[in-house]
Amino acid sequence: KGNALLDLANKNVDANTNLSLAAKAYQDLIGVEKISGKVKYSTQAAASITDIKFKLINGAIADSKIEKHSDSAKKLYDAYLLDKKDTINLYYAASTYVNANEYDKALELYENLKNLNYSGLGTSYFAVNKLTSQEDFFATAAERDRMVKLGTHEKPRTEAIPSKRGEIYKNMALILVEKGKTDEAKKAISEARKANPEDTSLILTEANLYLETKDFEMYKKLIAEVLEKNPNDADLVFNLGVISANAKNVLEAEKYYKKVIEINAQYINAYINLSALKLENEKVIIDEMNKLGTSTKDMKRYDDLKKKREDLFKSAIPYLQKAVELDPKNSDVSKTLLGVYSALEMTAEYKALKAKIQ
Numbered sequence: 001k002g003n004a005l006l007d008l009a010n011k012n013v014d015a016n017t018n019l020s021l022a023a024k025a026y027q028d029l030i031g032v033e034k035i036s037g038k039v040k041y042s043t044q045a046a047a048s049i050t051d052i053k054f055k056l057i058n059g060a061i062a063d064s065k066i067e068k069h070s071d072s073a074k075k076l077y078d079a080y081l082l083d084k085k086d087t088i089n090l091y092y093a094a095s096t097y098v099n100a101n102e103y104d105k106a107l108e109l110y111e112n113l114k115n116l117n118y119s120g121l122g123t124s125y126f127a128v129n130k131l132t133s134q135e136d137f138f139a140t141a142a143e144r145d146r147m148v149k150l151g152t153h154e155k156p157r158t159e160a161i162p163s164k165r166g167e168i169y170k171n172m173a174l175i176l177v178e179k180g181k182t183d184e185a186k187k188a189i190s191e192a193r194k195a196n197p198e199d200t201s202l203i204l205t206e207a208n209l210y211l212e213t214k215d216f217e218m219y220k221k222l223i224a225e226v227l228e229k230n231p232n233d234a235d236l237v238f239n240l241g242v243i244s245a246n247a248k249n250v251l252e253a254e255k256y257y258k259k260v261i262e263i264n265a266q267y268i269n270a271y272i273n274l275s276a277l278k279l280e281n282e283k284v285i286i287d288e289m290n291k292l293g294t295s296t297k298d299m300k301r302y303d304d305l306k307k308k309r310e311d312l313f314k315s316a317i318p319y320l321q322k323a324v325e326l327d328p329k330n331s332d333v334s335k336t337l338l339g340v341y342s343a344l345e346m347t348a349e350y351k352a353l354k355a356k357i358q
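At position 7 of the sequence shown the residue is numbered 7 (my numbering), and the sequence of numbers has no breaks.
What the hints contain is simulated information worked out from the structure, not anything from laboratory work. Mixed in with the good hints there might be a few duds.
Straight-line Cα separation of at most 27 Å, DSS-like style, residue types lysine-lysine; simulated pairs [claimed, not checked]:
1. 65 / 221
2. 308 / 258
3. 114 / 221
Construct the entire structure; sequences and hints are all you get.
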């Protein structure tokens, strides 16, 4: 029965339904053979279930690319049900339901992740494929190192995968707040923190929630707690800058971004965000300039605003230049710097940068 259903799915005959039904048939077969003690088809059935799992995941990726998020989420959840040890698929299903605006389903899956105390912490292994010059992902260090030893890959690197708990509880909290259940949101994060006292991403999430609900005193208290735990964690300090910028607290955001650079002078996003802070008032200045008339008073105000705009551009230049230096291939940063050079009539600098990026 399982083979027949899988064959229909492979022929694109109601593929989603038949894949799920085939998997169920194979699972039932394995269950029956386990009870009977006579194992005849279980190995083949298990292999078919693995095949179906990867078909579902690949189908989910394809659906997401064409923004069929609901279908994608369903496939990811079905893939999780086939192999509950692979919890990452439950996490991706929940996130994809958020993209589909199906918040009730997302919340249900986030609750499952919470009950499993899922963190997603781990390690990724990479090496550059000599044939393609692209970086390939490896599930284990041993697998990657074997390929490097064989000579097919080079430049191995290891990357820590941070905890996803903060994001999970943040999304849960946002959904609950959206549904008018702010107290439930606070309770959910509070419970998560008790279960994971060392996970600073949860403190940040709780701080962000109090910021959303305009409880600034509690927000400041939690931020102080985060900094006390990890004063030199560049990622953490950067996130504090982002939270402050979102709260329109520009001076505080600037302080955090500059602190990031003190900790790690190569932290490109701190330079990019500092330049954005400097440039964000340009629209306000331009809008006021466009409203001015031709009276003596208005002309004087126009000149003052023009100088203010020029000073604003000049203040952003060092951060943009450093960002371009750190990542010359970042076209967005290069375009922003070109725009600043153009506005300030810095022709030589404009031509030099233009020549570099062409």
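* Decide if the proposed pair is consistent with the structure: residue 308 and residue 258, CA atoms, cutoff 27 Å inclusive. => Holds, at about 23 Å.
* Do the alpha carbons of residue 114 and residue 221 lie within 27 Å of each other, as the hint requires? -> Since the Cα atoms of residue 114 and residue 221 sit roughly 25 Å apart, the hinted pair holds (cutoff 27 Å).
* Asked: Within 27 Å, alpha carbon to alpha carbon, are residue 65 and residue 221?
  -> violated, 41 Å
Of the numbered hints given earlier, the model fails hint 1 alone.
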